Amino acid sequence: MTVKPAVQTANWCGQSIERFEDAALLTGRGRYIDDLGVRPDTLHAAILRSPHPHATIRRIDTTDALKLPGVAAVLTGADVVKLSAPLTVGVRAPVQCWPIAVDRVRYAGEPVAVVVAVDRYVAEDALELIDVDYEPLQALVDPMQSLSSNVLLHDALKSNVASDRTFRYGDPEAAFAKAAHRVSVEIKYPRNSCTPIETYGVVAEYEPGEDSYDVLANFMGPFTMHAVMARSLKVPGNRFRLRTPPDSGGSFGVKQGVFPYIVLIALCARVAARPVKWIEDRLEHLAASVSATGRATRLEAAVEADGRVTALRYDQVEDVGAHIRAPEPATLYRMQGNLTGAYAIRNVAVRNRVVLTNKTPSGLNRGFGGPQLYYALERLMQRVAVELYLDPLDVIRCNLVPSGAFPYRTASGGLLDSGDYPAAVAKAVDEGGLAELCKRRDSARAAGKLYGIGLTAVVEPSVSNMGYVTAVLTPQERRKAGPKNGAQATATVAVDPSGSVTVHIASVPQGQGHRTVAAQVTADVLGLAPKDVRVVGEMDTSRDAWSIASGNYSSRFAAAVCGAVHLAAMQMKGKLARNAAAQLNVPADEIEFVGGKVGARGNPDNAIPFGRLAAASHWAPGTMPDGAQALRETVFWSPPQLEAPGELDETNSSLCHGFIFDFCGVEIDRITGALRIDKYVTMHDCGTVLHPGMVAGQINGGFAHALGAAVYEEFAYSDDGAFLSGTFADYLVPTATEVPEPLILHVETPSPFTPLGAKGVGEGNCMSTPVCIANAVADALGIASINLPLTPKRLAPLIAERKP
Amino acid sequence: MPRLSAGRRHTVRVTLNGRAVEGEAEPRMLLTDFLRHVLGSTGTHVGCEHGVCGACTIDIDGAPARACLTLAVQADGATIRTVEGLAPEPGRLSVLQDAFRRHHALQCGFCTAGILMSLDIYLRDTPSPTEQDVREFLGGHLCRCTGYVPIVAAALDAAQKLRGVARDA
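One line per chain: the protein sequences are H and R, in this order. According to the working numbering, the first sequence is numbered sequentially starting from 117. According to the working numbering, the second sequence is numbered sequentially starting from 12.
Okay, chain R solo, but in the shape it has when bound (with noise of 0.2 Å):
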């Protein structure tokens, strides 16, 4: 762990979705504000700043985590997939988020890149959840649009999916 003073910046590393980026922080510079107005990917948002909403929401090292409770200088070396990671392709969708656009489990977008980025997760490591299961999961997120009851359709309508294209791979 390399020794931090308080006034100066410091050059941060890390790969993020699949590229070597590095930017320059202090040491109390969130990881929010790194990657937003540092390294410019706005994808990820910033709802609450306090850990409750979830919209901030990244993968860090594969594990979920709110960007918002976790320092840039932290992040130095790491791994990290955002929201701008998820799509195969420019113009294509991941099968979640497509779930996601047929089953108008959004309206603002605001809180989404959260969601998405933990039902990601959520989904490869649990490939087959009950319903109950989707809602105790996305209880660590607030949507202020939808009443969840699309959220919880499209999660498992995504789920249903990527099990048929592991059992096809």
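Next up, chain H with everything else stripped away, as it sits in the complex (with noise of 0.2 Å):
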């Protein structure tokens, strides 16, 4: 038996098809995680977590939580320790980092103990009847102070400085000492995440005849973190099998932090000798899960009269919070080639310091590093207008990469795939109507209104280089602990019996949408339509193709991940038309595929139907030409470009460039301090665009975030350490009422690095739009110094001082 496919044919790329995906998630049929069945004897875990910022744990008493009906176990970092080794930490220090508290607490949320017991509500019962004796300790909340405290927060570390890195490029003493003017900003950018309304899960098994672990996680990747869960819970990975569900309810980088949790709960199943389940609440995940990370800048140009900027000196500090969980000090490198942005500028001094904090631990945001470097130098690039009698617009103009540049090496070794700058520009200006927009600022300012308009240009990067981080060790350093570097995509593509095709991702994804895009970019290859190709995007260590850079993050997917399917689904193809010029007696190469159909060219009697060649591997393998057997083709695909660190530190930190131009106005409310986005225009070039609706949905949900991010969240603590932010009614996220619809504009250069020509583009925004915002506030206050997020409160003042 055969399945019929549909005759349609067409270029499915590009077009905005409906989602596979929708009709469950429509119904309430997805399967996420909390919604899966478990094995009867399933226990479930509660944690209880440290109310102190910092303090030492003299003793932890749980006699009276082992009483109560229905505990099963309770375990302490006693127990962590005994049974697992530390979490591996990306930086050559003496620090340890366990999934629980040993000894000390270092931030406020972070685990104490772990109950397990036959169900949530028991287990935190339980939480109340743990007797911890705690001896608070001096909190340290600004990384700036955090710096040259005697407070330490890992002793045998005897600072609370985790990495101390210079870095030069070019010759910026020399363009610094030549230059007409300085200009320089001082940047603290604060924390947050984007906060995915699932919050973490991990139903963990263990198996002690074979030691080996079973654990099903909503986390994300990236599968380096797979190496390090192993090497905590002391088995070689094939004892340690990590599978993902059908459904995510979103991530943003934050699932990946729940690897630690996936080790704690793996040992908690141990521990009890029953599976376990943990799902994290919403107090939990704000206060403990993972933040984006803070930064102190300050940053210098070197700048010419006309405004072109001939050398930067970046100081930056790192706040990484109370433990450098791997991948960090990642955030801090992942924009290591792109420290120039979108501009030619060939000088560049560095300053990198991760600094310690009694905060959360920092992790995967979206975004990841481009928050903090771009806030610093947008802001930078406005304060050269400012201070040059310069227009803004002039100033960005003079110093992009120039068209025709490309593929353009930056200073510090990124090599920007495409692009035409100027001409998106030019288009945005155009038809985002700047011009039009400086007119009702005049307007405004004429009626006594608060009104300001900002700019920024961005390049945003897409499939990390695995090996960037390494920039965090020195050559000596990278040259003994061997390379690291590329960025492997995997996908599968395979005929059943039936002669139906179905597809392996190993994307892991949390929503966006990636088996709708597969399915496209398949049949395009196959001449099927969409729908006939199932895509499986779950994850499972043991059966499916993967390697460290799996997962959902660094905006892989339709640049990476398609590019593999389309390489898998032409290696198909490669053999199915072996076959059939055997049966139709062409060439291989004058077989075509169309409308579902194989056949020759240009004679479309002599065809057989797709699915009847498909099947026929399973069927009648004998038949097939030696080698041709099409039953399953895995490619596993690493871009060439992505090398490794250079001796000098030329970092080419991601494979892909997409280019961003935002420009927006704002009005101020002079009483209330409340700020209203009056207009904002968007142009990106992200490449080819495989499917418009779903770049759409990225854009619009990018910039909801970096509107959060820039106007009403931060993970607030207060001075000694508490932390203010525990509830979606102190953690504001924008609703309806707040979001504004952007004008979103599109220019596409393909990208020569990737099989199909796109690059990522989920997160752009929250790169571009926090400084856009607030180089509009800081044009509609006229003031050279502004911080995040905008809030009434921190508008109000500002408004206040000005002079009438």
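Derived from the structure by calculation, the hints contain no laboratory data. All values derive from a computational prediction rather than experimental measurement. Incorrect hints may have been included.
[Said to hold, decoys possible] Dumping the calculated SDA-like pairs for lysine to any residue here, alpha-carbon to alpha-carbon at most 20 Å:
(1) H:Lys555 x H:Val545
(2) H:Lys647 x R:Arg112
(3) H:Lys795 x R:Glu142
(4) H:Lys647 x R:Asp109
(5) H:Lys795 x R:Ala164
(6) R:Lys172 x H:Glu134
(7) H:Lys647 x R:Arg113
(8) H:Lys795 x R:Gln143
(9) H:Lys795 x R:Pro38
(10) H:Lys647 x R:Pro101
[As the list claims (entries may be wrong)] Using C-beta positions, here's what the derived DEER-type ranges look like:
(11) H:Asn903 x R:Gly102: 50 to 56 Å
(12) R:Pro99 x H:Val211: 56 to 62 Å
(13) R:Ala17 x H:Ala343: 46 to 52 Å
(14) R:Ala180 x H:Val652: 40 to 46 Å
(15) H:Met260 x R:Arg174: 41 to 47 Å
(16) R:Ala17 x H:Asp247: 22 to 28 Å
(17) H:Arg748 x R:Asp179: 50 to 56 Å
(18) H:Asp157 x R:His61: 30 to 36 Å
(19) R:His61 x H:Ala343: 35 to 41 Å
(20) R:Gly102 x H:Arg748: 27 to 33 Å
(21) R:Asp179 x H:Asn127: 33 to 39 Å
(22) H:Glu706 x R:Arg174: 53 to 59 Å
(23) R:Arg178 x H:Cys514: 58 to 64 Å
(24) H:Ala194 x R:Ser16: 37 to 43 Å
Beta carbons: idealized from backbone N, C-alpha and C, even for Gly.
If you follow the hints, you should be able to join the two separate chains into one complex; please do so.
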């Protein structure tokens, strides 16, 4: 029997087809981790967390908790130390990172004990019966204070600085010496997170007979963490099976941070000798899941009289919180190849320090390093314009990487793959109506209103080089450790005995619609309709093709994963063409795949249905030409451009670079300090667009996150380290009334480095929008220094300070 | 109102999406946990358990309510509709659900159930909302994926289609 494919054929890529994911999600039939059945003997975990930001644990008494009926086990740091090894840390420093506090708590919300019980209600009852004797210590909240404090978070480190590296690209000293002007900014970038609406979840089992763990978790990658977790659990990778559920309720980077809990709950299952399930609650998530890094930056530019920047000097102090949790300090190095943004600046000096504070450890979050870097760089470009009495647009334009310069090697080693930045800016200025917006500003100001315009140009990196974080090591240390590089994407295309096509991707989708787009890509190659192709998105490390770069981060899906799908489908097509050639008696290169049929080009009568041909490898393998059994094609694709950091620390941190140019007009209420976005224009070049509806979804969604980061959201701590943002009534996420619709514009310059010409698009506005809005606010208020979030509380005093 | 004992389980009977169902719940059990883990209706999601995000919104006796702020025993005797009850039959979507699919008004789908339930009730009571009306109403829901733009578009599109259906009826 064969499946009859649809006859329609088209270029499916580029069309906004409806998503295959949606029917189930819209009818309540999604399969998120907490929706899936568990073994009948499964126990439930609840975690006791520290109320103190910094304290020594003198004693933990779990006696009463263990006596409560229904409680199976209680784990503390001592148990975890006995059964596991610390989580690998990405810097050479004498610090240990555990998934639970060991003898000392270092942030409010840090796990102190885990109760495993018959249900979550009983487990939470038992938490109240655990007696912990804390000796509070002074807490460090401000990273600048932490730099020089005598209070230490990790005593063996002898300071709170876990890494201190300097970099020099070109000849920055000479450029500064010659410069007509120097312009500088000082920034304190706050901590925030994209807070997916589904929280973390883990279900773990341990099999003592095989010393193996089997874990289901809504982890999103990168699967470098698989090695970190297996090592911590003291088993080889093949005894740590990690699976993901079919659906995940959003991630935005954040669900990378579930990995310490995977280790912790796996150990609970081992101790309890039964499966253990844990679903994080919202307070736990806000207080202790993961945060983007905070960063204190001083950035100085050497500037010519016409506004051209000849050199940059960065001093970045990265607040990673209480532990350097893998893959940190990656936030600091993700942009290493892009320190000059969209600009042709040839000289750069950098000092990067990674500092520990009594706050939640940092990790992946949409934008990852981009928001922090560009906030400084683009505030600086505006200050160049203001201090030199130039038009901010002219300052951007005269510094852009010029047309025709691609691929362009940046001063710090990034390879900008493609683009035409000046043309994109010109189109945005024209179609977005910048001149009209300037008139609106003039008339608003004439009417006594506080109105400002902000502009931003950035490059949006995607498809991370797995080696970029080794830039934190010196070249000598890297030589010793061995090179790390690449970004291996995998995809498998298989045909079954009915002749239908199944694709597996290791991209661990978190709601973006990967299954739909992968079906479009496959359908285009094999002459099928997307609905004829089924795509599996869940991951199982014991069964599926995967590598360390697998997962859902660095906007790698369209560029890398769809590219791998395309290549695997092409391999399948090549084999099927050989089989068809034998059956149809024409050369393989004259076989075409159209409308669900495989036939001789130009002779529609000489064709066989795709399904019949595809099934034949199962039913009659002996009739296939040698080596042409077409059953299953797996591709591992890694772009050669992603080399390891070089001897001079030149680092091509990402494969693709989209371009974004944004501008906006904002009005600030003089009385309340409330900020209103009057107009927002965002121009994107993300290469070839595979699904315009999803690209718009990524831009609108990223814009909303960025607006939240710019205006509302902050993981706030009091001076003594208490956490102040533990509910959605304190951590303010924008709603439909706060998020305006941006005007989205596109140009397309395909990437020459990816199989389909696509680049990432999901993170760009998180990089460009916060600083674009801040530039507009600075313009409205006529101020030089401004930090996020731009709440009325922050803006009202700035308004009051202005001269009337 | 029956007398309840804290440590005991009590039988809770509800009409769920048109069918009489019952299960056991301690007085402290949340309605979300009861729906999801006792009755097995996992379409209703839990996003914050403090009534802000709106993911758990369901229809209790004709009005939208946060299931996470409701105890299961409070719902005894109630008529409840959840996202599982919106589609006219398996394999078909309601006008509102279909508008969501066409406008790409969901990505991860986790907040979607609550938004659909709220809008289903809202559009029944407010057939001709303006965009600003819809935005104000949606202010009770958090969505982290879409930026709300396609949700607003889908709601307005569905309202228009539902008005057409009402006219033709």
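Results for each hint:
1. H:Lys555 x H:Val545: holds, 14 Å
2. H:Lys647 x R:Arg112: Holds, at about 15 Å.
3. H:Lys795 x R:Glu142: holds, 17 Å
4. H:Lys647 x R:Asp109: holds, 18 Å
5. H:Lys795 x R:Ala164: The hint holds at about 19 Å.
6. R:Lys172 x H:Glu134: holds, 19 Å
7. H:Lys647 x R:Arg113: Satisfied, since the Cα-Cα distance of roughly 16 Å is no more than 20 Å.
8. H:Lys795 x R:Gln143: Status holds; Cα separation ~17 Å.
9. H:Lys795 x R:Pro38: Not OK: Lys795 of chain H and Pro38 of chain R at ~51 Å, beyond 20 Å, violated.
10. H:Lys647 x R:Pro101: Roughly 19 Å between the alpha carbons, so the hint for Lys647 of chain H and Pro101 of chain R holds.
11. H:Asn903 x R:Gly102: 50 to 56 Å: Check passed, 53 Å falls within 50 to 56 Å.
12. R:Pro99 x H:Val211: 56 to 62 Å: holds, 59 Å
13. R:Ala17 x H:Ala343: 46 to 52 Å: holds, 47 Å
14. R:Ala180 x H:Val652: 40 to 46 Å: Roughly 42 Å apart at Cβ, these two residues keep to the hinted range, so it holds.
15. H:Met260 x R:Arg174: 41 to 47 Å: violated, 59 Å
16. R:Ala17 x H:Asp247: 22 to 28 Å: holds, 24 Å
17. H:Arg748 x R:Asp179: 50 to 56 Å: Since the Cβ atoms of Arg748 of chain H and Asp179 of chain R sit about 51 Å apart, the hinted range of 50 to 56 Å holds.
18. H:Asp157 x R:His61: 30 to 36 Å: holds, 31 Å
19. R:His61 x H:Ala343: 35 to 41 Å: For His61 of chain R and Ala343 of chain H the Cβ distance comes to about 37 Å; the hint holds.
20. R:Gly102 x H:Arg748: 27 to 33 Å: holds, 31 Å
21. R:Asp179 x H:Asn127: 33 to 39 Å: holds, 37 Å
22. H:Glu706 x R:Arg174: 53 to 59 Å: holds, 56 Å
23. R:Arg178 x H:Cys514: 58 to 64 Å: holds, 59 Å
24. H:Ala194 x R:Ser16: 37 to 43 Å: Once the Cβ atoms are compared, 38 Å apart, the range 37 to 43 Å for Ser16 of chain R and Ala194 of chain H holds.
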